[in-house]
Amino acid sequence: MSSETKQILTTDGIPLEVSLKKAEKKNKIKAFLLVAPLLLFLVITYIFPIGDMFMRSVDDRMVTNMLPKTFKAMEKWENLDELPPEEVYQGFYEDYKLLAENQQHGKLGQRLNKEKNGFNTITKKLFRQIKRKKIDESASLKEQINKLHKRWRDVEYWQAIKRTAPPYTASKYLKGMDMYFAADGSIAQVDEDRRIHRILWLRTLEIAFFVTLFCFFMGYPIAHLLATLPMKYSNLLMICVLLPFWTSLLVRTASWMILLQQQGIVNDFFVMIGLVADDNRPEMMYNKVGTYVAMTQILLPFMVLPLYSVMKTISPSLMRAGKSLGGTPFVAFWKVYFPLTIPGIGAGCLLVFILAIGYYITPALVGGASGTLISNQIAFHMKTTLDWSFASAMGLMLLTGVLVIYWIYNKLVGVDNIKLG
Amino acid sequence: MSKNPEFVKFDKVDKSYDGKVLVVKDLQLDIAEGEFITMLGPSGSGKTTCLMMLAGFETPTHGEILLDGNIISNIPPHKRGIGMVFQNYALFPHMTVYENLAFPLRVRKVEKDEIDKKVDKALSMVSLSGFETRMPAQLSGGQQQRVAVARALVFDPAVVLMDEPLGALDKNLRESMQYEIKHIHESIGVTVVYVTHDQSEALTMSNRIAVFNDGKVQQLSNPAELYEKPVNSFVAEFIGENNTFNGEVMDIDKNKCKVKLANSEILANPISVKSKGEKTTVSLRPERALINPTEKMDNMFTGKIEEVIYHGDHTRVRLNLLGSSEFILKVPNSTSNLELKVTQDINIGWNSIDARALDPK
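Quick note, the sequences are listed as chains A and B, same order. Under numbering that gives the first Met the number 0, the first residue of the first sequence is numbered 0, with each subsequent residue one higher. Under numbering that gives the first Met the number 0, the first residue of the second sequence is numbered 0, with each subsequent residue one higher.
Same shape as in the complex, but just chain A (with noise of 0.2 Å):
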């Protein structure tokens, strides 16, 4: 056991261990040069963007830099049920001329008004007031801006303008989950009829849980029959379950709406065999089933792949040494052949749930209203309301969920169970 104590030595005298780093050296080097340009892809494609989206999502400095000298004063505003005292005033007089000089009030009294409603209103006001120089800088400003509109002597509005003093805000968040912060600061959902977010995320995880299910269902037949056949007809199979990932996805998508719309191939099959009727012509898109075949059709390949992969590995004499065990063809396969597949449909199962769970284009194009994902909320804000920190903020709700359901997996079948091919 001396070895374990003792430093051993080179021949030349040079301690083992320091030897050994400076012959790796240069491989170490080597390696990480090799990865660096993927490494720098990464960083500037994916790190940097996501860290950019949650400085978006949570960026509200607008107001904050707008109104300085308030903010300041309001540090000396302790009893918050009353009126703030004259120094807040003046700081907000100062600091509200400053941005009506630089044609900068309209923002500011937009951005307040999403705070509290009304604010549009008595900024729109005041602003005219210091245009006509109306107000008198000498005399007590607290009077006067108080006179100028009910609102200004209500204290909610003062206090809607102090929420609104953090750099940093949840608020988005909060309303990716249909609720914001109330006037005094606590969280409150908002009214029923409102709540849209939180059905879109259920739906979401309803449809990426059943796409997965069917997927599952359908391709793990497939991959058995890919893993068993002779090679000349498994190639031929792969190819057909390969072709989708040939062909746009766009192409694919509009094809089914090809397939299924009410006067569509489908609906021309079903009246054909007197399964419909001809006035009776069953919807199949532009609602969840045309996301549901539209979506599994599209992620098959992802649950098919990982499973053919594992399950070209399991031996075909394991399924034979269960039978000649005595175990039933049945039982041969629950108890040898299916634990043996396990890392492959976790594999595919994760993989086609996280590919669901975000997908865009096919809901977009035949989801229709009671079909589309919350991937397509995300898109309405980023091109149409421009909205683009509710975007980043939902986005990356969906990302920490997408986590979150890796963890939850990790826990249940372990990551190093995964076998993605």
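It cannot be assumed that every hint is accurate.
[What the hints assert, rightly or not] Simulated coverage check for chain B against chain A, where a stretch passes if three residues somewhere in it have a Cβ under 8 Å from a Cβ of chain A:
(1) 132-145
(2) 249-259
[Said to hold, decoys possible] Calculated from the model, a selection of chain B residues having no Cβ within reach of chain A, i.e. all distances over 12 Å:
(3) F56
(4) H77
(5) H93
(6) D162
(7) V189
(8) E224
(9) N262
(10) K278
(11) R315
[Stated by the list, open to error] Here's a subset of chain A near chain B, in silico, CB distances under 7 Å, partners left out:
(12) S316
(13) R319
(14) G326
Source of the hints: derived by calculation from the structure; they are not laboratory data. Model, not experiment: these values are computed from the prediction. Ideal Cβ placement from N, Cα and C applies to all residues, glycine included.
Based on the hints, put chain B in the right spot on chain A.
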């Protein structure tokens, strides 16, 4: 208890996979109860197909297989009660050793205590007691092999099939496993059908060996007879080493025949030749030809040493003899070592009874 000499019976079994080529042709084979029978043959000779038909994973194209008098062609594998050891062991990688062994008992609804007892017994039989909680991946090749054997025996099957079970082991381990399997067979008296392409394995372990070639059993006999008295040139060639001479029968009587080679004549034991003028291949085991024989032998020739190869326990000498430069001699490594040098001429002799005139190659 009288042993049934036809415990397993292949009755005129044909097998074809594609409807064009027969991989097993008109197989007629009886296996006695408690026997250790080996199917030996080169790859593609149909031996594994026979085993698979017996196990129930392949169905005979024609003919019947009987187990203890009952036709089993229509019984699915899991109802045949035949244990099987696979080439790559086929241990269930997600189960412990205990669970692997308990599997055949659990599907038979054996009670827990009984399972424990039987698993214990089977593991001690292969000297692996205490390995119950290991996973197969944590075992060495030889240990996996033993677990596979124990699993095939744990439910007391009437017949155990072994499909080249030692193929993946290294030489030393293979030899010790051969003895171990042989001893297990002797101690429990189960019928074993063993498939291998390794002739020494077959010779070591079996009661009887069926040599397969081209879908047919070429010879079915005990190891000694198979080696000493091959009935045709394929068996002679396949089992052990062999010196051959191709020629034509010149003269024949009851137990001797004269065979004309390219430029000489030898005396041989007529096995499959019947009349003059027939083509024949004469087969002679290397150890049956002696250098400078002291006693009188009816074949005496002089050959030139071409190569001497030292093998430790014996020396192999390649000679140019009777126009063939592939004649091999085995000289045992004894104290009275001969001086063997390349290009030296030496006298070789053998008895005609050891030179078997078989069918022409």
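**OP:** Against chain A, does N262 (chain B) hold up as non-interface, every C-beta pair farther apart than 12 Å?
**Re:** 53 Å, holds
Subject >> Interface-negative label, V189 (chain B) against chain A, beta-carbon threshold 12 Å >> reply: V189 (chain B) is indeed farther than 12 Å from all Cβ atoms of chain A, at 15 Å.
Subject >> Verdict on E224 (chain B) as a residue remote from chain A, using beta-carbon distances over 12 Å >> reply: 32 Å, holds
Original post:
Any Cβ of chain A at or closer than 12 Å to D162 (chain B), or is the non-interface label fine?
Top reply: 9 Å, violated
Original post:
Are there three or more residues in the stretch 249-259 of chain B whose C-beta lies closer than 8 Å to some C-beta of chain A?
Top reply: Coverage by chain A is violated for the stretch 249-259 of chain B (0 residues, Cβ < 8 Å).
Subject >> Least C-beta distance between K278 (chain B) and chain A, which was stated to exceed 12 Å >> reply: 42 Å, holds
Subject >> Cβ contact check, 8 Å cutoff: the stretch 132-145 of chain B against chain A, three residues minimum >> reply: violated (count 0)
Subject >> Assertion that H93 (chain B) lies farther than 12 Å from chain A (Cβ) >> reply: Incorrect as stated: the minimum Cβ-Cβ distance to chain A is 5 Å, not above 12 Å.
**OP:** Classify the hint on S316 (chain A) as holds or violated, based on whether any CB of chain B lies nearer than 7 Å to its CB.
**Re:** 4 Å, holds
Original post:
Against chain A, does H77 (chain B) keep a CB gap of more than 12 Å to every residue?
Top reply: About 5 Å separates H77 (chain B) from the closest Cβ of chain A, which leaves it inside 12 Å; violated.
**OP:** Determine whether the non-interface label on F56 (chain B) survives the test: each CB of chain A must be over 12 Å from its CB.
**Re:** 6 Å, violated
Original post:
Taking the closest pair, is the beta carbon of R315 (chain B) still more than 12 Å from chain A?
Top reply: 39 Å, holds
Figure legend: structure checked against the earlier numbered hints; hints not met, in rising order: 1, 2, 3, 4, 5, 6.
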